[in-house]
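K.L.:
Chain residues, written in single-letter form:
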Amino acid sequence: DTGVSQNPRHKITKRGQNVTFRCDPISEHNRLYWYRQTLGQGPEFLTYFQNEAQLEKSRLLSDRFSAERPKGSFSTLEIQRTEQGDSAMYLCAGPGQGINGANVLTFGAGSRLTVL
Amino acid sequence: DAKTTQPNSMESNEEEPVHLPCNHSTISGTDYIHWYRQLPSQGPEYVIHGLTSNVNNRMASLAIAEDRKSSTLILHRATLRDAAVYYCILRNNRGGTSYGKLTFGQGTILTVHP
Chain A
1 DTGVSQNPRH KITKRGQNVT FRCDPISEHN RLYWYRQTLG QGPEFLTYFQ NEAQLEKSRL
61 LSDRFSAERP KGSFSTLEIQ RTEQGDSAMY LCAGPGQGIN GANVLTFGAG SRLTVL
Chain B
1 DAKTTQPNSM ESNEEEPVHL PCNHSTISGT DYIHWYRQLP SQGPEYVIHG LTSNVNNRMA
61 SLAIAEDRKS STLILHRATL RDAAVYYCIL RNNRGGTSYG KLTFGQGTIL TVHP
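From first to last, the protein sequence lines stand for chains A and B. For reference, each letter of the first sequence is one residue, going 1 to 116 in my numbering. For reference, each letter of the second sequence is one residue, going 1 to 114 in my numbering.
Extracted from the complex, chain A is given alone in its bound form:
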């Protein structure tokens, strides 16, 4: 099973508050990805992990954003001092299999953040 579970599905917060999203791959995989999707746009890559190590971070990931994957299984994405521009869908993805076993991504349903 290559599913990905994300919580919470929806979060409404006031500007300046901190929020945390969690991603649980249903089965263990060495790689885990975070994306952000604003209204009307395609998803944008934020960061990815190989096991516990965060290997790459996009320039979109400001210093208010931090992602962790402490045991190489679940991951959290925290946004500190939220701003209205942080309102978006935050998507987590793990490895999946495409045609002929090719590496593709399996996305979760996302966590939608609304900052008032």
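Since the hints were made in silico from the structure, they are not lab data. All figures in this text were calculated on a predicted structure; none of them were measured in a lab. Here a beta-carbon is modelled for each residue, glycine too, at the ideal position from N, C-alpha and C. Do not take every clue at face value.
Lysine-lysine pairs mimicking DSBU-like chemistry, simulated, CA-CA at most 35 Å apart [said to hold, decoys possible]:
(1) LYS11/A with LYS57/A
(2) LYS101/B with LYS14/A
(3) LYS57/A with LYS101/B
From chain B, some residues computed to sit far from chain A (all C-beta separations above 10 Å) [stated by the list, open to error]:
(4) PRO7
(5) HIS19
(6) ALA65
(7) ASP67
Partial pick of chain B residues on the chain A-facing surface, computed with a CB cut under 8 Å [unchecked claim]:
(8) GLN42
(9) TYR46
(10) ILE48
(11) VAL55
(12) GLY100
(13) LYS101
(14) GLN106
Got chain A sorted already, so can you dock chain B onto it with the hints?
P.N.:
Just chain B now, kept in the frame of chain A:
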């Protein structure tokens, strides 16, 4: 990353075939053509991918032009459940490139009429 161009939207009737075009004139020899779709309130899901030859799976077919500068995703019989945003993405297969770091465009919004 090489860029793809897709129409903003397309419409189809249920049970009719749908051809979703994608232009990628700057594609390199190591770029694979991937298609994902995103149903309402869901994350994207993989549909199909290919390099040079046409490909078929249970969801769709992918027709790739001989010069690889364009491709077409074919849904043979559209259903209401196929209404989604369809993304055409080029994924480079060079060693060391993370396969999961994808560049999505705005995609094509497919509306399927009953």
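K.L.:
Give a verdict on every hint.
P.N.:
Evaluation of the provided hints:
| no. | hint | result |
| --- | --- | --- |
| 1 | LYS11/A with LYS57/A | holds (24 Å) |
| 2 | LYS101/B with LYS14/A | holds (31 Å) |
| 3 | LYS57/A with LYS101/B | holds (11 Å) |
| 4 | PRO7 | holds (14 Å) |
| 5 | HIS19 | holds (20 Å) |
| 6 | ALA65 | holds (19 Å) |
| 7 | ASP67 | holds (22 Å) |
| 8 | GLN42 | holds (5 Å) |
| 9 | TYR46 | holds (4 Å) |
| 10 | ILE48 | holds (7 Å) |
| 11 | VAL55 | holds (6 Å) |
| 12 | GLY100 | holds (5 Å) |
| 13 | LYS101 | holds (5 Å) |
| 14 | GLN106 | holds (6 Å) |
Checked against the numbered hints given earlier, the structure satisfies every one of them.
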